[in-house]
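Engineer: Given next are the chains, with one letter for each unit.
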Amino acid sequence: MEANGYVKLMIILALVFIPTLVFGYSSSLTHPLLTSEAIKLSGANGQSNFSESEERQIVQGSIDEDDVPRWLEHFYDPINNRGLNGGQFATSKRWAHGQNSTGNDYSWESAIYEYVYGDKNKGLYALGHVVHLVQDATVPDHTRDDPHPIIKTYETYAKVKDSVPPSDPTYLDSLDAYFDSAANFSNSNFFSDDTILKYYPNPKISKEIKEIGFDGNIRNYGYNSFNKKVALVTSKIGDSGVIQKVYNIYDKNDNKVMADYWNTLAPKAVGYSAGVIKLFLSEVEKEKTTGILKKERMPWWEKLLELVKIKTDQLLASVNLSIKEKEQMTPLPPLLEPEEKEDPNLPAPEIEKEKTVQEQLIEIREKLERLKAELDGLNGAGELVILPAVYSANRVFSSLGTSTVNLEAPTTTTASSSIVIAPPIIISPADFSVIFSTSSITFSGTASSGLVVFNNFDRGQATTSEIGEWTMTINEIPQGSSTIKFFARDNEDNVSLPMEVTLGVDYLPLAINLSIDNCAQSLSSYFCLLKPTSTLNFIWSLTKPGDYKYDLIKTENDYGDWQSPETVASGVSVSETSARLNFEARDLLREFKWQVLAMDASSSEVFASSSEVVTTFHPRPIVINEIGWAGTIASNLDEWFELQSFLFEPSLNLEDYYVSDTNGNWRFDLSGDISPRGYYLVERGSDDVISNRSAQLVDNFIDDSSTKAFDLSKIGLKLWRKTDLGDILIDETPLWDKTGSALSSLERTWEDRVSTDISTWEVNEGCNETDGPCAVDRNATTTFGTPGVINMASIPRLW
Amino acid sequence: MDKMWRDFSRKKAVLGLAIFVIIVVLIWWTNIIPILNQRHQEYKVLSGIDKLKEAYRNDTYGGATPEETLKMFTEAFKVGDLNLASKYFIPEKQSEYLAKMQNWVKLGKVEEIVSLLSRAKWSGDSNTNQDQMDVWNSGKELEVSVFFFQNENSKKWKLMGM
Chain A
1 MEANGYVKLM IILALVFIPT LVFGYSSSLT HPLLTSEAIK LSGANGQSNF SESEERQIVQ
61 GSIDEDDVPR WLEHFYDPIN NRGLNGGQFA TSKRWAHGQN STGNDYSWES AIYEYVYGDK
121 NKGLYALGHV VHLVQDATVP DHTRDDPHPI IKTYETYAKV KDSVPPSDPT YLDSLDAYFD
181 SAANFSNSNF FSDDTILKYY PNPKISKEIK EIGFDGNIRN YGYNSFNKKV ALVTSKIGDS
241 GVIQKVYNIY DKNDNKVMAD YWNTLAPKAV GYSAGVIKLF LSEVEKEKTT GILKKERMPW
301 WEKLLELVKI KTDQLLASVN LSIKEKEQMT PLPPLLEPEE KEDPNLPAPE IEKEKTVQEQ
361 LIEIREKLER LKAELDGLNG AGELVILPAV YSANRVFSSL GTSTVNLEAP TTTTASSSIV
421 IAPPIIISPA DFSVIFSTSS ITFSGTASSG LVVFNNFDRG QATTSEIGEW TMTINEIPQG
481 SSTIKFFARD NEDNVSLPME VTLGVDYLPL AINLSIDNCA QSLSSYFCLL KPTSTLNFIW
541 SLTKPGDYKY DLIKTENDYG DWQSPETVAS GVSVSETSAR LNFEARDLLR EFKWQVLAMD
601 ASSSEVFASS SEVVTTFHPR PIVINEIGWA GTIASNLDEW FELQSFLFEP SLNLEDYYVS
661 DTNGNWRFDL SGDISPRGYY LVERGSDDVI SNRSAQLVDN FIDDSSTKAF DLSKIGLKLW
721 RKTDLGDILI DETPLWDKTG SALSSLERTW EDRVSTDIST WEVNEGCNET DGPCAVDRNA
781 TTTFGTPGVI NMASIPRLW
Chain B
800 MDKMWRDFSR KKAVLGLAIF VIIVVLIWWT NIIPILNQRH QEYKVLSGID KLKEAYRNDT
860 YGGATPEETL KMFTEAFKVG DLNLASKYFI PEKQSEYLAK MQNWVKLGKV EEIVSLLSRA
920 KWSGDSNTNQ DQMDVWNSGK ELEVSVFFFQ NENSKKWKLM GM
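Protein chains in written order, with the numbering used here: chain A, 1 to 799; chain B, 800 to 961.
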């Protein structure tokens, strides 16, 4: 390893041992406060379920989770399902389960395992770690991917709080549900410092209200949809020196914004944490019964031994049963003897009903006998398969109150040291061929009294009653087809073969996914930015098939005012799921929202609407703005050029852009961002070409540094963007012949003219100090042109 | 014959051992790559934060109060010392505001902005490491805000935005 490598390694190791660098709530103040409150809330009547020392373990875990580098995994953006830095690290939801590349010693599963089988205190300590993560999911910085190593408004405010407003515990079915719910709540309803009204669709400012502060001054506040102050409305000095309205979450004088954040988010953090603690205790009980985690964590050789033992036991059992049947079992008597009616005057419907039940029983018995006969030839397999069915049939018969079925019930048959347990029988739902319209299904059936029935889907379990009945509800069954296995187990951990059911669930409402083909060629990766086009191609798909027709709706943004929606295509045929629209955006910058409505083909009742897709059109979002073809006073080889963004927001990333000489002699890729209305200066060979301006990119233009890159007889540039569908020409200048011309730069003037219009270009041979500091070349001499700043020709002048 | 057989057996043993070693190395490698990658990502982020903290540690610009910092900034901005003026901002905002100020100068806004900032008032104590000064119009409505942050190392107040 090189010296540099050692330095890096030492830094990494040093960082690991540096005391906490907190990104969420303060680990020494806020997390202990929230965790202590949650422990109290999780118990009955505000009384903790834990001893004082156990509580200390949970609180300590919630403090230590912030150790470096653990906090890198404390982010969960639920909108994009990713962790810190756009997914560079695992989400806190995955981290809580140890599902990241390096593992997590204090995961949810470790907590349960340690509490049940190992060190109880260690289990509670790990629980504290998980509780910390859930609390962080209520902090907008953590759910809007907005880490602030130094300045963090909300968390700094939270640090000085020593009590939490009253809260109610939140009960959810799984740990993941807690993460999803907490993260969605904080992401969608509150801002972080650098994501105010950007990067995420919500929250929106639903209203602004002016209030008189304690100092008698009037302040304006922005509210979210449930009436909480989410930003102070104020102003800052914009790039052009003009005052611009902005929103800020810091509000010093009255602290009203932060107070609303704390009063809403802190009780949520406590309520969710209390729910998680309660869930932990219930998962612990479940684990004690099912032992599923224990089995998962067995070393491979123990699993192998276990498997061999089970197989051996099964083999012994089958041999034993086969022998036993041959020696002892008498042929089964006729299933049903017609019963004498005790009262010949019984009403006819009852006789009919009794006959029907009997017929069913006969049918069942015949099926069982046929099945047994077919399987008897398979080395005793018949017994193994038939026994559970016989057992279950007898259960049904007895529950129906008939004693006429004389099937011996070999519920468990001891063979040497092994026990064969019949799998549970499912009576309800009776029909798995139908599609269920709910994600929550209650199963009931029969099994031997005292057995525990459990499933492999959510590890839920139920104890069979004295009459051999069990019931369990499985929630969150996903949309589509699922296979669930049910097992029965006795108190010695003997487990039956599975009873497997496959079922279909369809509970999602009809939804339409709308996309616009043209957006594949968007000039921005953040939003659909297009050059004006003659056609737009819309494609949509539905989550469920059906007999629908569609309307395509357009809403136009007229310089800040969204107009009324307009139907631009009506009653699109039921067989179509796409539309092509002739369309041309006017002016420089136009924005449109598009939506598809699905309606009943005959009644026109609207069943569903797609989410809105926004397209922004600009004929020249980014242009070649000035060309320093002559170099500078210092050297004619010190060539440069400049791009400008005509967008008001946001920044454009130029990673996929490149510039080429119009003659095709050279080209090179651009990189980095160009800010809204900003300039992007490219200097040749060195950033000293224009010594008092910083270049956004330095490139050699051509290999030979002793030759001019621009061909003086044909000066011109093209700006391109690479896409999967081919390169798109973004902007192009005219061609100039500057052979023998005076030294100058070429600069663009009018924004509304196309760049190829030569009348929009002017020659700049000098510099006007009254417009600001002039450009200076590498010899500190004032040179011509306005590289990196507004063009002289674009500055409005009165005379 | 025996010698040939022994040689053959030895070769087989060596080959078997080599295959075993390759398999072990492959298994180790496929397990270690994600961990190394994770450690590298951690290093990148943590060293970036360390650089920022270093910048704060070395930063001595600013006043003992927000008002003092704003005064120091205005004086530098007024005389065109934009580099000095930008240093009164927090390190992560210095280049952004240097470019803004260059633009303001270019657009002839210096006097207007200095005059605006001279009306900024500070009131009430801040109980955190952030602070704010505001410009109010005659109707007692908020016109412009200037935000500050206290560098915990130097205890100097820095500009965050205006």
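Read the hints as simulated data drawn from the structure, not as lab findings.
Errors might be hidden in some of the hints.
[As the list claims (entries may be wrong)] Restraint-style ranges between C-beta atoms, simulated for each label pair:
id, chain 1, residue 1, chain 2, residue 2, range
1, B, V878, A, S611, 51 to 57 angstroms
2, A, Y117, B, P833, 42 to 48 angstroms
3, B, N857, A, L735, 49 to 55 angstroms
4, B, N836, A, G213, 50 to 56 angstroms
5, A, N692, B, N857, 21 to 27 angstroms
6, B, G938, A, E605, 33 to 39 angstroms
[Stated by the list, open to error] In silico BS3-like pairs for lysine-lysine, Cα to Cα no more than 30 angstroms straight-line:
id, chain 1, residue 1, chain 2, residue 2
7, A, K593, A, K531
8, A, K236, B, K905
9, B, K905, A, K204
10, A, K236, B, K810
11, B, K908, A, K198
[As the list claims (entries may be wrong)] Pulled from the structure, derived: some chain A residues nowhere near chain B, Cβ distances all over 12 angstroms:
id, residue
12, P201
13, I212
14, G460
15, V613
16, W666
Predicted model only: the values in this text are computed from it and were never measured.
Ideal placement from N, C-alpha and C gives every residue a C-beta, glycine not left out.
Engineer: Taking the hints in turn, state whether each one holds.
Structural biologist: Against the structure, the hints:
The hint said 51 to 57 angstroms for the Cβ distance between V878 (chain B) and S611 (chain A), and at roughly 53 angstroms that hint holds. Here the CB-CB span from Y117 (chain A) to P833 (chain B) is close to 28 angstroms, at odds with the stated 42 to 48 angstroms. Checked against the hint of 49 to 55 angstroms, the pair N857 (chain B) and L735 (chain A) passes, with Cβ atoms roughly 51 angstroms apart. Take N836 (chain B) and G213 (chain A): their Cβ atoms lie about 51 angstroms apart, and the range 50 to 56 angstroms holds.
For N692 (chain A) and N857 (chain B), the Cβ-Cβ distance of about 25 angstroms falls inside the hinted range of 21 to 27 angstroms, so the restraint holds. At roughly 52 angstroms, the beta-carbon separation of G938 (chain B) and E605 (chain A) lies outside the given 33 to 39 angstroms, and the hint is violated. Proximity of K593 (chain A) to K531 (chain A) is assessed by CA-CA distance (about 16 angstroms); at most 30 angstroms being required, the pair is judged to hold. Among the hinted pairs, K236 (chain A) with K905 (chain B) is consistent with the structure: their alpha-carbon atoms are about 18 angstroms apart, no more than 30 angstroms.
Distance check on the hinted pair: K905 (chain B) and K204 (chain A) sit about 35 angstroms apart at the alpha-carbon level, beyond 30 angstroms; violated. As the CA atoms of K236 (chain A) and K810 (chain B) are separated by approximately 80 angstroms, the hinted pair breaks the 30 angstroms bound. For the proposed pair K908 (chain B) and K198 (chain A), the alpha carbon gap of about 28 angstroms is at most 30 angstroms, so the pair holds. Its beta-carbon lying about 25 angstroms from the closest one in chain B, P201 (chain A) satisfies the requirement of being farther than 12 angstroms from that chain.
Taking the minimum C-beta to C-beta distance to chain B, about 8 angstroms, the non-interface status of I212 (chain A) is violated against the 12 angstroms cut. Listed as a non-interface residue, G460 (chain A) keeps its Cβ farther than 12 angstroms from every Cβ of chain B; the least gap is roughly 33 angstroms. The claim that V613 (chain A) is not at the interface with chain B holds, since no C-beta of that chain comes within 12 angstroms of its own (minimum 32 angstroms). With a least beta-carbon separation of about 29 angstroms from chain B, W666 (chain A) lies farther than 12 angstroms from that chain, consistent with its non-interface assignment.
Of the numbered hints stated above, those contradicted by the structure are hints 2, 6, 9, 10 and 13, listed in ascending order.
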